[in-house]
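In order, the protein sequences belong to chains A and B. Heads up: the first sequence at position 58 corresponds to 58 in our numbering, and the numbers run straight through without jumps. Heads up: the second sequence at position 130 corresponds to 1130 in our numbering, and the numbers run straight through without jumps.
To be clear, the hints were calculated from the coordinates, so they are not data collected in a lab. Glycine residues also receive a C-beta, built at the ideal position from the N, C-alpha and C atoms. Possibly wrong hints are sitting among the right ones.
[Claimed, not checked] Pairwise CB distance ranges, derived in the manner of DEER restraints:
| hint | chain 1 | residue 1 | chain 2 | residue 2 | range |
| --- | --- | --- | --- | --- | --- |
| 1 | B | Gly1043 | A | Gly140 | 46 to 54 Å |
| 2 | A | Glu254 | B | Arg1191 | 42 to 50 Å |
| 3 | A | Gly140 | B | Val1065 | 45 to 53 Å |
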Amino acid sequence: MNSTSSAVSFEQVYKAFVPRGRDSEPVLALREVTFDARPGEFISLVGPSGCGKSTCLNLLAGLTAPSEGVVSHHGAPVRGVNTSVGYITQDDNLLPWRSLRGNVELSLELRGVPRQERRARAQEFIELVGLAGFEDHYPGELSGGMRKRAGIIRTLVYDSDVVLMDEPFGPLDAQTRVILQAELLKLWQRSRPTVLFVTHDLVEAIALSDRILVFTSNPGTIKREYAVDIPRPRDPFRIHETPGFAQLYEALWEDIRAEIRTDIGTQAGTQPGSQEGGRTKIGEAAS
Amino acid sequence: MTLDLEAGAREGGRARAVRDRVAHDERGRRHRERTALWLGTVGLGVAILVFWQFGLEHLVNPRYVSDPVTIAARIVELAAEGTIFTHVSVTLGEAGMGFVIGATVGFLSAFALSQTRSGYEVFEPFLIGFYSIPKIALAPLFILWFGLGTLPKVIMAALLVYFIVFVNTATGIREVQPGLLQVCRVFGASRRDLLLKVTLPAAAPALVASVRITFTRAIEGALLSEFVASTQGLGYLVSRASRAFDIATVFAGIVIIAAVVMTANTLLRLLQNRLTPWHRGQVHG
């Protein structure tokens, strides 16, 4: 594939890091990862915990650098923090001292968008996800699903052409998850950014993606990729009724099951990029 | 509100009656509970005062414990003389000045040291060592070094405030979620943006909460120094009276100190809720 026409490209990327703590051996998080994403493509990264999926996102965001190989965004290698992507983390990471409106406006404010335009754009997105009426609430006063919506729109509000999402719906209950998947698809259809979406949920991956990359357990590398040929617009509420769904799900699960099985033997000790207190630390080579 | 109205319209008359009755019962229960608590508190207070007034003299020599009526009369007397206001304002002035200095220096130094990881770690053992010194042990030294005037009192008050504000600010800054900073960097935040828009507000609840609790410490510091050597202030009033076996004045002084501290705490708590409404901070110290 011609890498200059891709929105995102990973070429022979390796990432090793030394975990914090005494006498720790370097850990290889990614091995020879190569893939491209076309503009507007929705790609899911699935695989066992600790397989370097989040590391891929951190590399593209420029929060960490590859140990070898090249990560490029529109043909240009990523150097330093990449402020032209959007990053949605598993934690909503909202600023607790800012109202919902203040949080949604934050990214625009940091980018120097004038106040009036900021206000208008934030309001548009707040209304899109049904949060109108809660503009002046602090994050502590919002439900988990509302905070998640806020976390998503505050990133989409600045219209980056590549959006990185790291298990954004992880901690939500099953119903809220599906509702948010549907809302995400609706938002995505508006401007069609390229999305790299890390998830453990195979149904979610099928419902949302054009392509699914299955990672092996550590060191992470791409084991197989699947094209999802389900036509859009899709309905996440009925995705399992779609012809072809069952076969795809079965194939994905088969691939991942093999990884988990080989993983059990090696996971007894410390797991690289483990979660502390339920929070994924971005920037480190995490799951 | 609108949701309640809609819910009300959807349900029939019977359902509404059930809701109303439950609400009414609950209000009554809460009211009775509050009344009981209030009566208990007042009753206990009155019982203690009555026992002090009439019972305590049978147990100990009344010369040493005075009694509530005499103490109240003494407070009125002190107020009428006007000297009490001088003492209060001297102590509050020392405490206030020490508080401002201690809190400002504590905040600034914590902030400066937290800018680099190693900066804080180099200083930490010294700070902990100094923190563990009972500050009262320094009071006589301060009198020797800084004389009998206001200065040693201000320094003592500032010192007591300094450590608590320092530790809380430093903890607040160091505990900012790294994810928060990274997300903001991807959003395009500069170093200055991160400092002003993330780190400072994130540390604010700890700072504001520590400032609130430390005003009491500042008053303690001023009083402590006044006990050791002074010519005016509430600490001077109490220690002079105790040396003269004027127990009623000692207690009058203690009551006034308690009233001053409680008033200051209430005002600062109101201020705290206004400054950091999103958070009720945890305070270390």
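Outcome of the hint check:
{"no.": "1", "hint": "Gly1043/B with Gly140/A: 46 to 54 Å", "verdict": "violated (39 Å)"}
{"no.": "2", "hint": "Glu254/A with Arg1191/B: 42 to 50 Å", "verdict": "holds (48 Å)"}
{"no.": "3", "hint": "Gly140/A with Val1065/B: 45 to 53 Å", "verdict": "holds (49 Å)"}
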